[in-house]
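> Chain A is fixed; fit chain B onto it per the hints.
In order, the protein sequence lines correspond to chains A and B.
To convert, count from 1 in the first sequence and add 10; that's our numbering.
To convert, count from 1 in the second sequence and add 10; that's our numbering.
Derived from the structure by calculation, the hints contain no laboratory data.
Hints may be right or wrong, so weigh each one.
Stated by the list, open to error - Covered stretches of chain B, going by a simulated chain A footprint (3 or more residues, C-beta under 8 Å):
no., region
1, 20–28
2, 97–110
Stated by the list, open to error - Covered, in the sense of this in silico footprint (three residues per stretch, anywhere, with C-beta under 8 Å from a C-beta of chain A), are these stretches of chain B:
no., region
3, 129–136
4, 272–279
What the hints assert, rightly or not - Cβ-to-Cβ under 7 Å is the rule here; a few derived chain B residues that face chain A:
no., residue
5, 31
6, 81
7, 146
8, 233
9, 235
10, 241
11, 252
12, 254
13, 255
14, 256
15, 257
16, 258
17, 262
Model, not experiment: these values are computed from the prediction.
Beta carbons are placed, not taken as given, at the ideal position from N, Cα and C, and that holds for glycine.
There are 2 protein chains.
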Amino acid sequence: MAQAPIGSSEFDRDTAVVPRAAGTHDVRVSAGWTLFGAANGGYLLATAARALGDTLPHPHPHPFTITAHYLSVTRPGPAVVRSQVVRTGRTLSTGQASLFQTAPDGTETERLRVLATYGDLDALDGDIRTTAKPPSIPPYEHCVGGTPEGFGDDGFLSRIDLRLDPATAGWAVGRPGGGSEMRGWFGFADGRDPDPYSLLLAADALPPTPFDLGMSGWVPTVELTVHLRRRPAPGPLRISVVTRNLASGFLEEDGEIWDAEDRLVAQSRQLARLRDRT
Amino acid sequence: MAQAPIGSSEFDRDTAVVPRAAGTHDVRVSAGWTLFGAANGGYLLATAARALGDTLPHPHPHPFTITAHYLSVTRPGPAVVRSQVVRTGRTLSTGQASLFQTAPDGTETERLRVLATYGDLDALDGDIRTTAKPPSIPPYEHCVGGTPEGFGDDGFLSRIDLRLDPATAGWAVGRPGGGSEMRGWFGFADGRDPDPYSLLLAADALPPTPFDLGMSGWVPTVELTVHLRRRPAPGPLRISVVTRNLASGFLEEDGEIWDAEDRLVAQSRQLARLRDRT
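Isolated chain A (complex conformation) (with noise of 0.2 Å):
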């Protein structure tokens, strides 16, 4: 397939934004990005960040730290977003958004709430001191990719080129590792290459860590806060998750997410929560 080029490709489609009004677009939640009837936080996330990103200055395009609290669960169909200026700066411009879908009622339910800050990636200086080292992963073709048994044909796992390392990757065959990491190569499924909102997307595409330990089920998202700290070069992503304090019912996941050149391009945490207390 040839590849699709950032600007129209199936994540540029479906996470695009018409403006309304001042402060206000609509956008299309599609069934692509959806798994188990419920559309991914990382899609939500980026489809809020666009349409925040085109509210705020345009000499800030790109979020350097973005936290989405999830209130309810955002099925496919029409949305609107609602953002708003904080406060702007020389380098550094804050906002806030909202997603909302309608109800048959014509009641307004708020999905999720986006606090921001933007700046601009491209301006930013290549002094690099990271300590942090990439993630060791098997070479792409030596890591597991397709549909673990029981996740349907919803749109998500279609839309996305995952590969998952092995290592971490034993419960898709009933063999929990006993782990509480992911880590795997991504792309998209129709060759885009990656940008700053995708890395939005990429921060929340992973299956939860506690499936290595044998849990099955739902693992909402309470909030999730991502660090863009780089314009990702092109090529695949590797991404690690890593969860050290399951503790009550709930859990971190810390990523990071590394380009082709080796830099971290991002960094990601969310607070989530165990439905499966097995």
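Below, chain B alone, put in the same frame as chain A:
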């Protein structure tokens, strides 16, 4: 000194919020919690969190996940916190708050905006599967306290009882260690035990990690997110802060707060900005 009880200590007095109307609380930003004339970010977070907690349903008194974006410097003096309920649920509720200060001409300037989801830490069960381990820090008696040269007589350092691991304190005597970590023991000077709100202060209480690289000067926080995961036991806290991605003038600081029972009671991450680029 007799130990100040939770509820009537310096910290409680200086983070007190006075309800003025629904969703409106008056606060007094104390000079006792400033560094270089600016109110400490954790102190502000704790104060705003108290106001928001009073606005949210009282069955959900503790921020489980709270994010603040710092918009402009807060100086000692009066302030107002305006908060709102975003969503109430059975076990979690979400809200938002903004702290404003009024200029001589009467205009209000927003200093920080907060988005948070609250629950009840005392309703959590004891199913602890934490794999993280407490940091290795020498005993309190072997850690270093005091006010480093150049820190003047700002209030903050005299309100807390902070003892740094010597391995991360060389910078304070002109011999930076070259690492990007800070570790130490944390308590209050008046002996107050920790509680959920004081963890928010503790999350921003250690010196910035770039100090151990020999950098000096202000390292302002752009955004701070804290996950409160457990009510801390009485006694001193151990705090570890690690930076692994200092790049292009920005850095993350990942904090862990451990209580006297070796529980990981809070996790934090902030995005901070270097002003000193040497």
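> Evaluate each hint against the coordinates.
Against the structure, the hints come out as follows:
Counting residues of the region 20–28 of chain B whose C-beta sits closer than 8 Å to any C-beta of chain A gives 0, which falls short of three, so the coverage hint is violated. Counting residues of the region 97–110 of chain B whose CB lies closer than 8 Å to any CB of chain A gives 4, which reaches the minimum of 3, so the coverage claim holds. Closer than 8 Å: that is the beta-carbon criterion, and the region 129–136 of chain B has 3 residues meeting it against chain A, so the requirement of 3 holds. Only when three residues or more bring their CB closer than 8 Å to a CB of chain A does the claim for the region 272–279 of chain B stand; here the count is 3, and the claim holds.
With a least beta-carbon distance of about 22 Å to chain A, the hint placing residue 31 (chain B) at the interface is violated under the 7 Å criterion. At a threshold of 7 Å, the smallest CB-CB gap from residue 81 (chain B) to chain A is about 5 Å, leaving the interface hint in force. Checking residue 146 (chain B) against chain A: minimum C-beta separation of about 16 Å lies over 7 Å; hint violated. For residue 233 (chain B), the shortest C-beta to C-beta distance to chain A is roughly 4 Å, which falls under 7 Å, so the interface hint holds.
Given the 7 Å rule on beta carbons, the hint for residue 235 (chain B) holds: about 5 Å separates it from the nearest Cβ of chain A. Hint status for residue 241 (chain B) relative to chain A: violated, with the closest Cβ pair at about 11 Å, above 7 Å. Given hint, residue 252 (chain B) at the interface with chain A, is violated; its Cβ is 9 Å from that chain's nearest Cβ, farther than 7 Å. The interface hint given for residue 254 (chain B) is met, as the beta carbon of that residue sits about 4 Å from the closest beta carbon of chain A, less than 7 Å.
Annotation: interface hint on residue 255 (chain B) holds; nearest CB of chain A at approximately 5 Å, less than 7 Å. Evaluation of the residue 256 (chain B) hint against chain A yields a held restraint, the C-beta minimum of about 4 Å falling below 7 Å. The criterion of a C-beta within 7 Å of any C-beta in chain A is met by residue 257 (chain B), whose closest approach is roughly 5 Å, and the hint holds. At its closest, the beta carbon of residue 258 (chain B) sits 4 Å from a beta carbon of chain A; the interface hint therefore holds under the 7 Å criterion.
With a cut of 7 Å, the hint placing residue 262 (chain B) at the interface with chain A holds, because the nearest CB-to-CB distance is about 6 Å.
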